[in-house]
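Peer 1: Listed here are the chains, written in short residue letters.
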Amino acid sequence: MLKISPAIIAEIIEQARTGLPEEICGYLAGTGNAVTRRFPLTNIEHSPEHFSMSPAEQFNAVRQARQEGLTILAGYHSHPSSPARPSEEDIRLAADPNISYIIVSLATEPPVVRAFRINGGTVTPEEIAEE
Amino acid sequence: MAKITVNGEPQDVALPVSILQLLKNNGVERPELVSVQLNGEFVGSDEHATVSANDGDTVDFLFFMGGGALPLISNLRTDVY
Numbered sequence: 001m002l003k004i005s006p007a008i009i010a011e012i013i014e015q016a017r018t019g020l021p022e023e024i025c026g027y028l029a030g031t032g033n034a035v036t037r038r039f040p041l042t043n044i045e046h047s048p049e050h051f052s053m054s055p056a057e058q059f060n061a062v063r064q065a066r067q068e069g070l071t072i073l074a075g076y077h078s079h080p081s082s083p084a085r086p087s088e089e090d091i092r093l094a095a096d097p098n099i100s101y102i103i104v105s106l107a108t109e110p111p112v113v114r115a116f117r118i119n120g121g122t123v124t125p126e127e128i129a130e131e
Numbered sequence: 001m002a003k004i005t006v007n008g009e010p011q012d013v014a015l016p017v018s019i020l021q022l023l024k025n026n027g028v029e030r031p032e033l034v035s036v037q038l039n040g041e042f043v044g045s046d047e048h049a050t051v052s053a054n055d056g057d058t059v060d061f062l063f064f065m066g067g068g069a070l071p072l073i074s075n076l077r078t079d080v081y
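Quick note, the sequences are listed as chains A and B, same order.
Mapping of the first sequence onto the numbering used here: position 25 corresponds to residue 25, and the numbering continues sequentially without gaps.
Mapping of the second sequence onto the numbering used here: position 73 corresponds to residue 73, and the numbering continues sequentially without gaps.
No lab work stands behind these hints, which were simulated from the structure alone.
Cβ coordinates follow ideal geometry from the N, Cα and C atoms, glycine included.
Any given hint could turn out to be false.
Partial chain B-side listing against chain A, Cβ under 8 Å, derived [as the list claims (entries may be wrong)]:
#: 1; residue: Val6
#: 2; residue: Gly8
#: 3; residue: Asp12
#: 4; residue: Val13
#: 5; residue: Pro16
#: 6; residue: Phe63
#: 7; residue: Phe64
#: 8; residue: Met65
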């Protein structure tokens with residue numbers, strides 16, 4: 001289970017809306033299973049159907065989190081017009097078994113935010129506790 | 001033995017050690033999906049096997065984060081991944 005405040009959930013949704021028509025992305029950091037910090041990152045694909053986090057920004061975010069005593073807990077991205085579940089590409093390219101993968105879908109109103117663990121091609125839904 | 005800081009943690013490593021070997025030492029199963037910086041400079045994925053780390057070096061690595069509804073793998077930046 002991942003604990004995320006309603007404020008951070010709202011920020012992710014707002015980033016997804018503002019970033020339309022492109023997919024947006026970022027990292028979430030915190031301690032234990034509680035997210036306390038959001039790092040919005042640039043989608044260097046600038047595409048409505050793909051995303052790749054900027055590697056330079058990834059390193060900056062990881063170092064900043066480390067300096068603040070935080071751990072990267074999740075990566076998130078948006079699906080502007082498809083459901084909040086990992087695509088085949090999302091699954092194939094999910095290389096980090098230690099974090100959660102969060103998808104925010106704008107295909108419905110209100111938007112849907114879901115979390116998953118992806119390890120070796122196996123997708124496991126993960127509960128998000130908004131608190 | 002050399003002391004190399006990997007993702008902020010000091011590690012004792014026998015030299016010579018390539019970036020690829022360091023990644024394997026740290027449990028990376030898909031090095032082609034990892035981005036590496038050696039002392040703050042990117043090391044391209046095509047150099048992981050040939051670039052070595054030395055005593056006192058700092059190596060940071062993280063996993064590619066990307067996806068999409070259509071095939072993307074050809075878009076991977078070989079200069080940084």
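Peer 1: In ascending order, which of the hints set out earlier in this document are inconsistent with the structure?
Peer 2: Numbers 1, 3, 4, 5 - these are the hints that the structure violates, sorted from lowest upward.
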